Amino acid sequence: MKEEQLLIRRMLGGDEQAFEAFFNAYFARVYRFALPRLNGDTEATREVVQATLAKAMRRIGDFRGDSALFTWMCQICRREAVDHIRSRRRHLKHVVLIDDRPDLRSAIDALEAPEEYDLVKAYGREEVGRLVRVVLDRLPSNYGDALEWKYMEGSSVEEIGERLGIGTIAAQSLLARARTAFREALEQVFGAEAADIAAGLGA
Amino acid sequence: MNDDDIARVLKAAGMRERAPADVARAVREHLRREWREIVAERRGSRRRWSGLAFAASILVAALGLWLAALQPGAPAGPVATMAIALDEVRVKSGWLQRWQPAVVGQILAAGESLETGTHGRAAIALPGIASARLDHDTRVRFTTADLLVIERGALYVDAGIELPGDSRLAVETPSGLVRHIGTQYEVRLDGSNIRLRVREGRVEWRSNSGAVERGQAGEQLMIAADGAVRREQASRYDASWDWIASTTPAIDIEGRPLAEFLSWAGRELGREVMFATPEVAEETATIVVHGSIDGLTPSQALVAVLATTSVRGSLEEGRIVVADGREKIDSN
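Taken in order, these protein sequences are the chains called A and B. Position in the first sequence (from 1) plus 1 gives the number in our numbering. Position in the second sequence (from 1) plus 96 gives the number in our numbering.
It should be emphasised that the hints constitute simulated quantities derived from the structure, not laboratory data. Small disclaimer: the values here were computed from a predicted structure and weren't measured. Check each hint, because a few of them may be wrong.
As the list claims (entries may be wrong) - Simulated restraints on C-beta separations:
id : chain 1 : residue 1 : chain 2 : residue 2 : range
1  : A       : 84        : B       : 116       : 21 to 29 Å
2  : B       : 192       : A       : 17        : 46 to 54 Å
3  : A       : 203       : B       : 203       : 47 to 55 Å
Here a beta-carbon is modelled for each residue, glycine too, at the ideal position from N, C-alpha and C.
Construct the entire structure; sequences and hints are all you get.
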């Protein structure tokens with residue numbers, strides 16, 4: 002049985018620690034999934050995330066384990082977000098876009114300019130950065146957190162182990178698995194290696 | 097990938113957003129109350145049902161044995177859902193394995209077959225992939241949630257963006273197995289020959305004799321009945337792909353960033369999305385789309401959506417170029 006299915010079983014059995022683990026594992030990720038879909042509206046995001054997680058807990062018996070639990074929650078969240086927006090904008094029935102009238106530069110110069118890295122050219126630096134953050138959220142377990150703590154906050158393996166409530170050796174092993182999963186996910190999503198992505202991002 | 101590469105990518109991408117502490121606290125408390133209710137309900141429900149469980153289990157076991165004896169090849173669990181059924185689309189199902197008209201929303205089970213007629217086309221949803229679409233005169237059989245057998249016609253698979261752990265659909269043909277590696281592709285049976293066209297990503301072809309070939313985006317593998325494979329260049333966006341537009345599953349654009357819609361349109365049209373400047377790219381991430389594109393093909397949707405913005409798009413060789421909006425794109 003998968004780790005997340007064990008967690009669900011324990012949580013539905015009334016295990017308080019399992020509830021905490023469930024919340025810690027999914028709240029932040031679902032929040033980040035919902036926020037851009039609700040145009041950065043934090044109050045709407047709170048309502049949608051709350052509804053999503055509550056619905057997920059109620060329907061968790063329907064979760065078949067065909068996909069990751071987080072992927073399943075994203076499906077619920079997407080529907081909740083759409084319902085939320087519709088309930089507040091019932092009068093909008095046709096395509097109407099709100100935009101900021103961007104001050105764009107000439108298309109021609111950029112099109113003719115040689116590009117070193119198509120990914121950034123195609124998606125834009127900000128979008129690639131956003132996708133990397135989405136990849137972190139889609140990694141199993143606490144991999145995303147562990148990678149951020151290690152490589153962005155500079156935490157030691159011991160500190161990561163403490164934050165996760167596991168030993169140093171287990172934290173070391175988790176980091177190794179996280180690196181592998183991250184590398185594979187980047188290659189699948191971008192079709193490029195991290196060094197190329199970093200170069201494209203100007204890092 | 098070494099530690100430095102990981103650190104560089106992560107630092108360039110920036111920290112993931114954190115929910116405000118008061119929001120996290122409020123949601124946690126709300127959910128804790130909800131969770132306690134669920135646990136209490138489950139405990140109550142378990143007690144109520146425990147007395148009936150024994151009798152019910154005997155009844156179910158007897159019914160199961162009877163059904164198994166009656167129909168040894170009966171279908172197993174659900175594997176797919178009908179998303180779109182245009183004109184003649186039939187499902188072979190039930191104990192008698194009769195062909196019956198397919199209905200949108202219908203659950204398709206292992207052991208069942210789906211068929212389109214001369215004017216029919218269909219799209220199905222399977223776990224772990226974006227969609228699979230059947231051209232006219234096509235028949236597929238569902239084996240498991242990750243294996244489809246194509247018996248005739250053409251099948252288009254859009255795997256969407258996959259991540260480790262996602263299930264990976266394989267398509268079995270009379271002479272071998274097609275497995276994708278994050279991709280969009282078409283398998284078309286032509287008598288005993290097979291044409292395997294890759295629109296995005298890569299696919300792996302494994303013949304019944306064990307030979308393995310890989311196809312890249314923009315390639316097609318022509319596979320003869322004797323196993324000989326000929327590799328050719330193939331367009332990713334010409335008119336031969338148009339048939340899939342009629343079976344494109346609707347997406348919800350309400351409240352989504354324009355950039356996300358453009359990414360979807362690019363994949364559906366087999367074209368890269370290119371922004372005239374980094375500023376345009378950034379701007380499309382901030383533009384929010386409202387409304388619906390139900391009933392529109394991807395190219396019609398592109399026209400409809402961009403028509404209401406200050407950006408414009410033009411279809412150029414293999415690309416959707418997005419720039420400022422003084423001129424609008426022409427529909428295909």
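Range hint compliance [Cβ, residue 203(A) to residue 203(B), 47 to 55 Å]: holds, 49 Å
Outcome for the supplied range 46 to 54 Å, where the beta carbon pair is residue 192(B) and residue 17(A): This hint holds: roughly 52 Å between Cβ atoms.
Supplied distance hint 21 to 29 Å, evaluated on CB atoms of residue 84(A) and residue 116(B): holds, 23 Å
The structure meets every hint from the earlier list without exception.
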